[in-house]
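Asks: The primary structure of each chain is shown beneath.
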Amino acid sequence: MENSTRISKYLAPELLAAISNLTVRTRNLSEGTIEGRHKSPYKGFNVEFSSYRQYAKGDPVKDIDWKVYARSDKLYIKEHEQETNLNGYIILDSSTSMNYKGDKSSMSKYDYAATLAASFAYLILKQQDSLGLAIFSDQVQSILPSRGGMQHLKTVCNHLEQAKLAGKTDIASAIDTAARAMRKRGLFIIISDLMDNAEATMEKLRQLKTAKHEVVLYQVLDSDELFFPFDQPAIFRDMETNSEVTVDAFLLKNEYRKKIETMISAFRNASRKTGIDYILTDTSNPPIKAVKSFFTGHSQTGRSR
Amino acid sequence: MGFTNPLFLLGLAFIAVPVYLHLVFKRQPILKLFPSLMLIQKSIDYIARKQKLKNIILLILRILILLLLSFIFAKPYIGSSASAKKSAGAQSAFVILIDNSMSMGAVYQGISVFNAAKSSAIEILSSMRPDDKGNLGTAGSPGKMLFSQLTWDKDALTRAINELEISSGGTDLPSALVSALKLLQPLPKQYKKTIYLITDMTASSWKHLLDIYDLERIDPDIDLALVPIGNADIPNMAVTDIKAPDTMLSEGTSAKIKVTVKNGSKRPEKNTLSLYVNGYKKADIPFEIEADSEKEIQTELRFSEPGNIQITASLPDDLLPLDNRRHLALKVYETCKVLIIKPSSAKSLSNYTGDIFLKFALNPLSKSSGNIFAVESRFPEELGNIDLKKYKAVALLDTDYLSPAFIKSLSEFLLKGGNIFTFMASRCKPEWHNEELHDNLGGGYILPGRVFNRVGNSVSRSVTYRLTDLDFSHPALKLFEKDDGRALARGAAYEFFQVQPNPAAIVLAKMSHGFPGIVEEKRGKGLSILFSFPAETGWTELPLRPIWVPFIHSIFSYAVTSGDLLLADPKPGYAISLSAHCNQGDKFSLKTPDNKIINLEHEKLSDDLAQLYITETDKTGFYELLQNEKRLSVFAVNPEASESDLERIRIKDIPRFLVFNTESASQSRKDAQKIRQGWDLTPFCMLLLILLVAAESWFANLPADKRF
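Chain order of the listed sequences is A and B.
Just so you know, our numbering puts 384 at position 177 of the first sequence, and the rest follows in order with no gaps.
Just so you know, our numbering puts 565 at position 511 of the second sequence, and the rest follows in order with no gaps.
Calculated from the structure, these hints are not laboratory results.
Computed from a predicted model, the values in this text were never measured in an experiment.
Be careful, since some hints might not be right.
Claimed, not checked - Covered, in the sense of this in silico footprint (three residues per stretch, anywhere, with C-beta under 8 angstroms from a C-beta of chain B), are these stretches of chain A:
| # | segment |
| --- | --- |
| 1 | 429-440 |
| 2 | 459-468 |
Stated by the list, open to error - With a straight-line cut-off of 27 angstroms between C-alpha atoms, the simulated DSS-like cross-links for lysine-lysine are:
| # | chain 1 | residue 1 | chain 2 | residue 2 |
| --- | --- | --- | --- | --- |
| 3 | A | K308 | B | K86 |
| 4 | B | K96 | A | K411 |
| 5 | B | K96 | A | K460 |
| 6 | A | K480 | B | K96 |
| 7 | B | K106 | A | K460 |
| 8 | B | K106 | A | K465 |
| 9 | A | K333 | A | K419 |
| 10 | B | K532 | B | K413 |
| 11 | A | K371 | B | K86 |
| 12 | A | K375 | B | K96 |
| 13 | B | K96 | A | K311 |
| 14 | B | K208 | B | K198 |
| 15 | A | K375 | A | K466 |
| 16 | A | K308 | B | K96 |
| 17 | B | K108 | A | K465 |
| 18 | A | K465 | B | K96 |
| 19 | B | K86 | A | K460 |
| 20 | B | K106 | A | K466 |
| 21 | A | K496 | A | K416 |
| 22 | A | K391 | A | K285 |
| 23 | B | K470 | B | K443 |
| 24 | A | K466 | B | K108 |
| 25 | A | K466 | B | K86 |
| 26 | B | K104 | A | K465 |
| 27 | A | K311 | B | K86 |
| 28 | A | K465 | B | K86 |
Said to hold, decoys possible - One-sided excerpt, in silico: chain A residues whose CB lies under 10 angstroms from chain B:
| # | residue |
| --- | --- |
| 29 | S304 |
| 30 | N306 |
| 31 | K316 |
| 32 | K375 |
| 33 | T376 |
| 34 | D400 |
| 35 | M402 |
| 36 | F443 |
| 37 | R444 |
| 38 | D445 |
| 39 | E447 |
| 40 | T448 |
Glycine included, C-beta positions come from ideal geometry on N, C-alpha and C.
Use the sequences and the hints to build the structure in full.
Replies: Here you go:
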């Protein structure tokens, strides 16, 4: 596909070809007005019968099944399940650290994360669900309300391309802001390198889960961050704070690896306990693999979803 | 610590290299952007601590490697000896003292202790370098240096060690040590000075040294090295003494012989003592002796003829054979005639008994033969032309008159070897005595002093005098040393003559109040002894005392035997000096126990007196002194009795000495080397260097994730 016909630089034709037959489904119910693939969390008057339950004080009288009453002389409420549309929310980290691109990687962490975001936006909008987008660093840079239709994909991609990479990572405040903007329950796809306070991050994600949102957490890391392949003494400069540390990388390597293993394990374990899908991605791998991980339930690094 | 090549210590300056590299040289780090330092910061504290520690350890290891390299080239050594603290190139001066006393003659488990000592000495000598100098001395008694000065001649020293012979004498560690110190002390400070003492560690010899010497005060610049030979107490039986208690032996009389044997073993022993007289066995005396004790064995021998008698007491040979024989040289005299001259004024008295106490003392049973003394008593008027040559002694009792002719012959008698005893009593007139027996005779005077007034009063007996201040070192009075002269002092005197001794006379005893009591003077070949009190009971109670007989016997025996050359107990190896009467052209010689005749040089003291020096007394046995090839005297040289005690002193009781390990003779060379150079630390440093290099190599390449 020619560049001029591309929707966005993050949606390469090969990628679109590879994911076009995928369908985003949530495990739990979605809240929406369009009947479709996603179960609604609301029981009510609809075509698909769900179950009876005994009438309780406060239930609407109109929901009482009078035929059952006539047969059994007991008041039962007839419940139905609704199929509705999916509200997807993508929360994307645009902190300075996301601008890192290692030697082994073909793109920066942000480009990789944006590619993931664009891919999910395509998939969700393609199946007539609605999608919102929040781009954040230490504050929310831009936020798109949740909408449906393929025209919205262009808007999303524009936002992704125009995002400025600056500031530190502050996932907690971004989630707060996004959650306030997105009133309906839905699917939260958070894409970040998670270089933030792990406990604060997980606490916010737990709150999303409590609010009945479906949460998928993508941790995007460069291969350099995962494997620390440096052997020389170096002055390491923090891309977010510009602070520097001089150290013999050779000596640091093993200790660093232990630390990042610890951090990843902490996120994975906390996610498992909370019911959040945690997917670790290495930017040296093709983004399509990371997208498919959502569906296969396996992270790119071999860790289970 | 010292260094053989201290210049190589300049190499220590290279220690600055790793310090410089450590402190100054650091690799320049490259700038690297990284998404977040959050994890790096968490790791960095631990890593920094680890790296700092590693760098310090590596720095220390590298400094130690350079330090050791410098040390190895400088050849370090350590040692507690004074020599080891000096420069390795300094000259050594040493004295090897070998104990050649009799106890070293023991043979234990087939190995001669003395030969082992010589082997050790040769091993010590083998470490001598061309510029070292040394001397060899003996620690046997008398100790002596074999070379007058320190010598560089190693071959001569080796020969001297090989030719060294054991002596029968005792150990004289003090004199040997002093001789060695005198040689080494004057040397300059830079010399390494060592005295090696090779000995069998007998406790008796060391006790003597430790009693008189504070070894800690010996010049600390001189190393004292002790090479103990032998390592066990050797069971030894010895004849430690032989004597004839009687002061004088006479033909036809029996003489007691007392032999002391000592058992140095830790268990009781049965043995047989053999007695030989003039080379013929006279008796075998079996005896039993307790462990670690002495026993006196007594026997009697009768000598029918006068002359020199050689008695040997012998035990069967044991591990130390040198002390199993002991010798005694005796002289048996023919009966000595004594002429007693009574006072002239008593001739008219039919019952004069003034001489009976002396007669009784000299011949109690009035035997005409088989007695030491035969006594004849006369008044001066009865002397006539008496020939005094047949008498050995003349006793003048209370004399108040002698004819001038007799006085003259008496003077000649004295000068030619006769003995005159003068007892002063109430009839004596000091003026007559001084004039006739002293002043008028010129050089031939008889009395050993001039006589003055009487002291005391024998009638009133108001003041009592006693014999005091006895000269117990005098042979005549030695007998009374046992009770400190108290028995003699019991014989009270009430009156006596005041005597002024001649300048050449000696006072053997004094009366209380300090006046001379017994005065002796050697006159020519004879002896004149003056008693300031009588030989009867008028003025003194002494003749009534039991001590009277041995007192008179002892003094008369001494006098009649004093002209004989009887040498008592000369020590082996010691020179003897004696005077003997001689005529012009007389020749003296000595026949040694191995029948060797040695001509003796003599020095004329007067017309008829010569001074002789006998130096060849190393061997034990009988020595015959010959004058013109005629036997003049016989004396015996015996081993030192204290050497038979082989009990060893504990090493820890000996201060100041560095003690050798003497498991083998070759060990002595190593120990001598150790004293001179200390411990060579080079091999140790090399081993340490290898370990350090390995450690540095391992540590420098230690994987970063390894904890240390």
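Asks: For each hint, tell me whether it holds in the structure or not.
Replies: Okay, the hints, checked on the actual structure:
no. : hint            : verdict
1   : 429-440         : holds (count 6)
2   : 459-468         : holds (count 8)
3   : A:K308 x B:K86  : holds, 12 angstroms
4   : B:K96 x A:K411  : holds, 24 angstroms
5   : B:K96 x A:K460  : holds, 12 angstroms
6   : A:K480 x B:K96  : holds, 26 angstroms
7   : B:K106 x A:K460 : holds, 17 angstroms
8   : B:K106 x A:K465 : holds, 21 angstroms
9   : A:K333 x A:K419 : holds, 24 angstroms
10  : B:K532 x B:K413 : holds, 23 angstroms
11  : A:K371 x B:K86  : holds, 22 angstroms
12  : A:K375 x B:K96  : holds, 18 angstroms
13  : B:K96 x A:K311  : holds, 25 angstroms
14  : B:K208 x B:K198 : holds, 19 angstroms
15  : A:K375 x A:K466 : holds, 20 angstroms
16  : A:K308 x B:K96  : holds, 22 angstroms
17  : B:K108 x A:K465 : holds, 21 angstroms
18  : A:K465 x B:K96  : holds, 11 angstroms
19  : B:K86 x A:K460  : holds, 14 angstroms
20  : B:K106 x A:K466 : holds, 21 angstroms
21  : A:K496 x A:K416 : holds, 26 angstroms
22  : A:K391 x A:K285 : holds, 25 angstroms
23  : B:K470 x B:K443 : holds, 9 angstroms
24  : A:K466 x B:K108 : holds, 22 angstroms
25  : A:K466 x B:K86  : holds, 19 angstroms
26  : B:K104 x A:K465 : holds, 16 angstroms
27  : A:K311 x B:K86  : holds, 15 angstroms
28  : A:K465 x B:K86  : holds, 21 angstroms
29  : S304            : holds, 4 angstroms
30  : N306            : holds, 8 angstroms
31  : K316            : holds, 7 angstroms
32  : K375            : holds, 9 angstroms
33  : T376            : holds, 8 angstroms
34  : D400            : holds, 6 angstroms
35  : M402            : holds, 4 angstroms
36  : F443            : holds, 5 angstroms
37  : R444            : holds, 5 angstroms
38  : D445            : holds, 4 angstroms
39  : E447            : holds, 6 angstroms
40  : T448            : holds, 7 angstroms
The earlier numbered hints are all upheld by this structure, with none contradicted.
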